[in-house]
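Undergrad: Chain residues, written in single-letter form:
Number of protein chains: 6
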Amino acid sequence: MLHILFLLPLLLSTSHASVNDFCVADLKGPDTPAGYLCKPPTKVTTRDFVYSGLSVEGNTSNLINAAVTPAFVGQFPGLNGLGLSAARLDLAPGGVIPLHTHPGASELLIVKQGLITAGFIASDNSVYVKTLSKGEIFILPQGLLHFQVAYGKRKASAFAVFSSPNPGLQILDFALFASNFPSPLVSQTTFLDPEQVKKLKSVLGGSG
Amino acid sequence: MLHILFLLPLLLSTSHASVNDFCVADLKGPDTPAGYLCKPPTKVTTRDFVYSGLSVEGNTSNLINAAVTPAFVGQFPGLNGLGLSAARLDLAPGGVIPLHTHPGASELLIVKQGLITAGFIASDNSVYVKTLSKGEIFILPQGLLHFQVAYGKRKASAFAVFSSPNPGLQILDFALFASNFPSPLVSQTTFLDPEQVKKLKSVLGGSG
Amino acid sequence: MLHILFLLPLLLSTSHASVNDFCVADLKGPDTPAGYLCKPPTKVTTRDFVYSGLSVEGNTSNLINAAVTPAFVGQFPGLNGLGLSAARLDLAPGGVIPLHTHPGASELLIVKQGLITAGFIASDNSVYVKTLSKGEIFILPQGLLHFQVAYGKRKASAFAVFSSPNPGLQILDFALFASNFPSPLVSQTTFLDPEQVKKLKSVLGGSG
Amino acid sequence: MLHILFLLPLLLSTSHASVNDFCVADLKGPDTPAGYLCKPPTKVTTRDFVYSGLSVEGNTSNLINAAVTPAFVGQFPGLNGLGLSAARLDLAPGGVIPLHTHPGASELLIVKQGLITAGFIASDNSVYVKTLSKGEIFILPQGLLHFQVAYGKRKASAFAVFSSPNPGLQILDFALFASNFPSPLVSQTTFLDPEQVKKLKSVLGGSG
Amino acid sequence: MLHILFLLPLLLSTSHASVNDFCVADLKGPDTPAGYLCKPPTKVTTRDFVYSGLSVEGNTSNLINAAVTPAFVGQFPGLNGLGLSAARLDLAPGGVIPLHTHPGASELLIVKQGLITAGFIASDNSVYVKTLSKGEIFILPQGLLHFQVAYGKRKASAFAVFSSPNPGLQILDFALFASNFPSPLVSQTTFLDPEQVKKLKSVLGGSG
Amino acid sequence: MLHILFLLPLLLSTSHASVNDFCVADLKGPDTPAGYLCKPPTKVTTRDFVYSGLSVEGNTSNLINAAVTPAFVGQFPGLNGLGLSAARLDLAPGGVIPLHTHPGASELLIVKQGLITAGFIASDNSVYVKTLSKGEIFILPQGLLHFQVAYGKRKASAFAVFSSPNPGLQILDFALFASNFPSPLVSQTTFLDPEQVKKLKSVLGGSG
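Residue numbers (UniProt numbering), protein chains in the order written: chain A, 1 to 208; chain B, 1 to 208; chain C, 1 to 208; chain D, 1 to 208; chain E, 1 to 208; chain F, 1 to 208.
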């Protein structure tokens with residue numbers, strides 16, 4: 001009966017290369033176009049595959065009455081190379097996740113509480129908007145502008161899941177008004193009035 | 001001012017090929033290795049991007065005290081080509097999602113209610129098991145055997161999201177005992193006793 | 001000597017499946033997540049691989065003093081499945097290609113005449129801007145907001161090439177102000193003043 | 001006990017979309033950039049996954065004393081979408097598989113009988129040549145010129161496997177001398193003497 | 001005539017980055033989601049592209065009367081990044097390769113000697129089984145349970161090739177009974193009788 | 001108003017992993033199958049995204065009256081991971097870019113000056129040749145033999161763009177005659193006369 005046991009090391013122990021089911025990110029090392037270097041398999045534990053950071057409600061005491069808590073590869077290294085990540089959205093009444101894009105991923109929105117109006121704008125400027133209730137899901141195709149806002153007077157929350165461990169996040173207002181994008185260029189490339197640009201830059205802390 | 005309007009059709013209307021942000025599945029047509037043919041863009045509406053089937057609790061009055069409700073491309077055509085899908089798991093007390101694999105996708109498990117013990121087995125036969133509470137997430141790497149069971153005496157539920165619109169699902173017991181896989185071959189390739197095979201085939205309805 | 005000729009049909013003529021070097025788009029058929037169905041190989045000619053539409057200067061007599069002439073798969077079917085497309089940018093003095101993204105592609109900008117100030121904004125709101133002269137190239141990573149404007153008082157032109165046969169194009173102003181995106185939602189998700197939204201909607205033709 | 005049986009149809013029978021483990025090519029339909037349309041799952045049988053054409057020795061009574069028998073998707077539709085194909089090489093003494101490339105695939109050569117000298121040339125013009133005996137394997141990276149010749153006075157055979165269901169095959173001599181590539185252009189772009197071009201065109205049947 | 005020689009270094013020697021036809025694995029370095037770091041090109045020799053380990057018959061003097069000899073990237077570093085790997089199967093009379101999956105690859109089975117009964121089970125629990133003779137090939141789609149057994153009283157052998165340099169290998173019995181997967185969880189998630197689990201754990205060395 | 005500012009660091013500053021819009025190559029580090037390791041984001045500047053090397057005409061005072069100036073990842077590290085690269089072709093009257101392939105990329109040729117006759121040969125030995133004028137573009141599918149020659153008595157230039165940051169370049173004549181590919185093997189695998197091989201080896205500097 002012992003003989004069968006020899007098959008196992010033959011197949012699987014010739015080198016550490018045999019275990020490649022996953023590649024937990026070594027966040028201290030460099031990134032590559034396909035994700036982070038893998039943590040040595042011998043150092044991987046169950047904890048690398050679990051993340052608890054989304055179990056806590058985000059703090060919505062801010063201007064947008066909303067919070068986004070990411071579980072991207074930077075927070076949850078076990079996602080590295082596996083084509084998925086997540087985030088938790090918390091919306092107080094009146095809460096708004098401003099228009100944004102994920103440059104490298106599609107998003108699936110899963111409403112867990114309350115009512116959320118979500119929408120995206122396609123390349124042909126068609127607008128797809130829907131108010132979702134608990135348990136409904138909405139697919140937001142890759143790279144397109146989209147938003148989520150609380151509907152009605154109740155608070156709401158959702159999970160967003162992404163088709164990449166590191167989907168990226170470009171918030172339109174931050175790109176325009178919280179950056180050092182020179183104000184004349186902002187106006188020139190968006191047709192926004194200089195006063196509007198100036199006003200929002202002062203709110204959001206942009207310079208230039 | 002009207003001149004700018006001419007830019008829009010110039011860029012976007014030369015042909016219908018210009019709108020390729022998404023490819024809602026035409027489930028009546030054939031599949032391809034990359035997914036279904038696209039529904040004509042002119043017939044796409046907001047409803048194609050929303051799915052409500054996961055908002056209803058599954059019926060757990062069955063042997064496994066559990067239910068899986070899929071939102072794969074076959075149920076939710078808007079997912080086609082976008083690298084994501086989802087399912088809802090409902091577990092009554094004692095509920096079990098038996099050992100299974102998704103041949104073509106990794107899974108991210110998001111606990112929405114109760115306590116769930118989930119785990120997977122890696123190629124080197126390491127076992128990663130964790131009892132998760134509400135809001136915790138667990139990443140299950142592609143193609144590996146895994147399971148979910150209700151922990152304790154409370155009911156539980158979760159969302160599972162996948163890195164493919166059509167992740168596939170191979171339930172070990174169904175493959176072995178609900179199929180027409182000839183019983184001698186089952187025993188020969190699993191070392192299970194013929195009596196065990198016979199017993200489970202009679203429960204699960206397999207032949208051969 | 002004739003014998004060698006038998007090798008050729010043996011290898012290559014067993015079925016039409018053998019010729020798969022390319023897949024010229026059949027634009028009359030449906031799209032798939034990986035591109036259009038292929039035109040039958042027997043109907044492919046040299047003309048399918050050549051496109052002349054970028055040899056003509058675009059008409060810049062419009063509000064933005066600029067023109068974009070695409071050579072995407074919709075205009076140039078030979079690109080189908082080959083991971084590349086192109087466009088020609090023409091900028092009269094003062095010309096502006098407004099802020100936009102390509103949801104599914106990176107862009108390489110090649111200046112062919114004049115001076116062009118181009119830039120993009122990264123997810124961390126860093127801004128990368130450079131004035132480029134003839135022959136200089138600028139890489140714009142996938143999915144990020146970017147722009148091109150004529151620098152100085154000369155006209156300018158450029159080729160933009162993309163890492164997809166159908167890169168998509170979402171022009172920020174058109175998405176916000178030329179669409180039927182409801183004005184209250186525009187203000188709510190961008191923090192723009194309602195007057196600003198109303199003004200630009202009237203210019204760009206948006207409703208809602 | 002019957003209850004568990006209800007789980008199976010729930011999971012797997014909602015639509016035919018649920019079975020996507022494979023996509024057997026419908027060779028009568030059009031191709032796409034990702035492969036052929038799938039044959040309807042209900043028409044798939046075990047025979048779609050088996051191919052017997054490589055069990056027969058190829059006819060090497062020809063100028064090159066060699067034969068290549070392909071099992072690409074055109075011959076073996078079950079390969080569609082699965083990233084693999086194969087071919088059988090038979091080499092009589094003196095047999096030669098002339099210099100060629102596979103535009104879309106790497107090749108793994110497995111010697112099954114005799115001795116075969118195989119080699120490839122890299123982009124930096126390094127040459128990697130080795131005489132292989134039975135059971136030895138040689139990896140030939142994608143898109144590079146390579147060849148196989150019988151070593152010594154014995155006949156030899158091999159299996160070649162490819163990283164694509166339709167790897168393509170461009171035989172250098174056929175491209176140059178069996179085509180209608182105009183002879184002056186052949187000389188101009190290869191520096192071969194016109195007499196050499198003329199001679200080989202007459203052997204291989206090229207025109208122009 | 002020397003002038004042409006200047007073209008070569010211009011094109012190819014500007015930096016070592018120019019030689020990227022292959023990426024031989026540096027197995028001493030870390031892995032990434034796309035494979036191992038590349039060995040420096042200057043240290044690559046022909047030996048990196050050849051592997052002789054499959055030319056020797058595996059030792060079948062064991063319980064399963066079978067042996068699997070892998071040529072994955074861990075044994076054959078030249079495969080890194082090239083989408084292919086291989087293994088040799090040796091089956092004495094009565095030999096069995098138990099039910100297993102490759103989580104990240106499809107498999108093409110090539111029979112080289114004897115008769116082999118092979119089969120796989122699809123997600124819809126359809127079973128595809130065939131007895132193959134020398135030279136026949138069988139495609140086994142990614143991630144599905146499959147097996148190979150010697151047919152009749154002769155020994156048999158085969159090559160298996162995979163669509164990944166590191167296909168992974170999860171042997172069902174080892175996952176269940178040679179691991180520390182707690183026995184109560186095994187029974188709970190497979191419906192196997194505790195006695196059956198205990199018996200096979202004692203044979204295969206599992207704990208828990 | 002300060003509150004909104006807290007959202008930004010929450011989303012984007014948890015770790016450096018959050019900025020993954022690009023991956024500028026660290027050319028001093030090792031390569032991977034997916035490209036080079038990324039330069040630390042903190043060291044990235046606008047200069048990493050701009051390349052000026054194509055603005056200078058190449059030196060065509062050589063045997064082929066032509067020059068190729070590459071902007072691959074080795075010269076322009078900002079391209080790493082972004083699926084694009086470029087080159088500049090300069091052709092004096094009579095200039096020839098000899099037959100060559102790019103093993104890992106398709107090419108889009110954009111004529112910027114003069115007339116260029118370009119062509120490629122498909123796997124079925126069909127030849128696609130066209131003389132292109134300024135602004136015309138020609139798509140050359142991946143891995144196939146192709147060439148560019150100056151048409152008429154004027155000089156010409158073009159940009160070539162590729163569907164990979166490192167497309168590779170295998171020049172047929174250099175592979176055969178500037179390498180140490182043994183002359184008998186060259187003749188045997190190409191059917192070229194030994195005298196022809198000897199003559200071109202002496203011109204191009206090959207040995208063996």
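Wrong hints could be hidden among the right ones.
[To be verified] Below, computed lysine-lysine pairings styled on DSSO-like, alpha-carbon distance capped at 27 Å:
no.	chain 1	residue 1	chain 2	residue 2
1	A	28	F	28
2	E	43	F	28
3	F	43	C	130
4	C	134	A	199
5	F	198	C	134
[As the list claims (entries may be wrong)] Here are the simulated distance ranges between beta carbons:
no.	chain 1	residue 1	chain 2	residue 2	range
6	A	207	C	195	23 to 31 Å
7	A	59	C	187	18 to 26 Å
8	D	29	F	131	50 to 58 Å
9	E	94	B	207	40 to 48 Å
10	E	94	D	55	20 to 28 Å
11	D	182	F	182	40 to 48 Å
[To be verified] Pulled a few chain A residues facing chain C out of the computed Cβ check, cut under 10 Å:
no.	residue
12	29
13	60
14	123
15	147
16	177
Just so you know, the hints here were simulated from the structure itself, not pulled from any lab data. It should be emphasised that the depicted structure is a prediction, and the values quoted were computed from it without experimental measurement. We put the CB at the ideal spot given by N, CA and C, even for glycine.
Undergrad: Hints first: check each against the structure and report whether it holds.
TA: Going down the list of hints, with the structure as the test:
no.: 1; hint: A/28 with F/28; verdict: holds, 18 Å
no.: 2; hint: E/43 with F/28; verdict: holds, 16 Å
no.: 3; hint: F/43 with C/130; verdict: holds, 17 Å
no.: 4; hint: C/134 with A/199; verdict: violated, 37 Å
no.: 5; hint: F/198 with C/134; verdict: violated, 44 Å
no.: 6; hint: A/207 with C/195: 23 to 31 Å; verdict: holds, 25 Å
no.: 7; hint: A/59 with C/187: 18 to 26 Å; verdict: holds, 24 Å
no.: 8; hint: D/29 with F/131: 50 to 58 Å; verdict: violated, 36 Å
no.: 9; hint: E/94 with B/207: 40 to 48 Å; verdict: violated, 25 Å
no.: 10; hint: E/94 with D/55: 20 to 28 Å; verdict: holds, 24 Å
no.: 11; hint: D/182 with F/182: 40 to 48 Å; verdict: violated, 31 Å
no.: 12; hint: 29; verdict: violated, 20 Å
no.: 13; hint: 60; verdict: violated, 16 Å
no.: 14; hint: 123; verdict: holds, 5 Å
no.: 15; hint: 147; verdict: holds, 4 Å
no.: 16; hint: 177; verdict: holds, 8 Å
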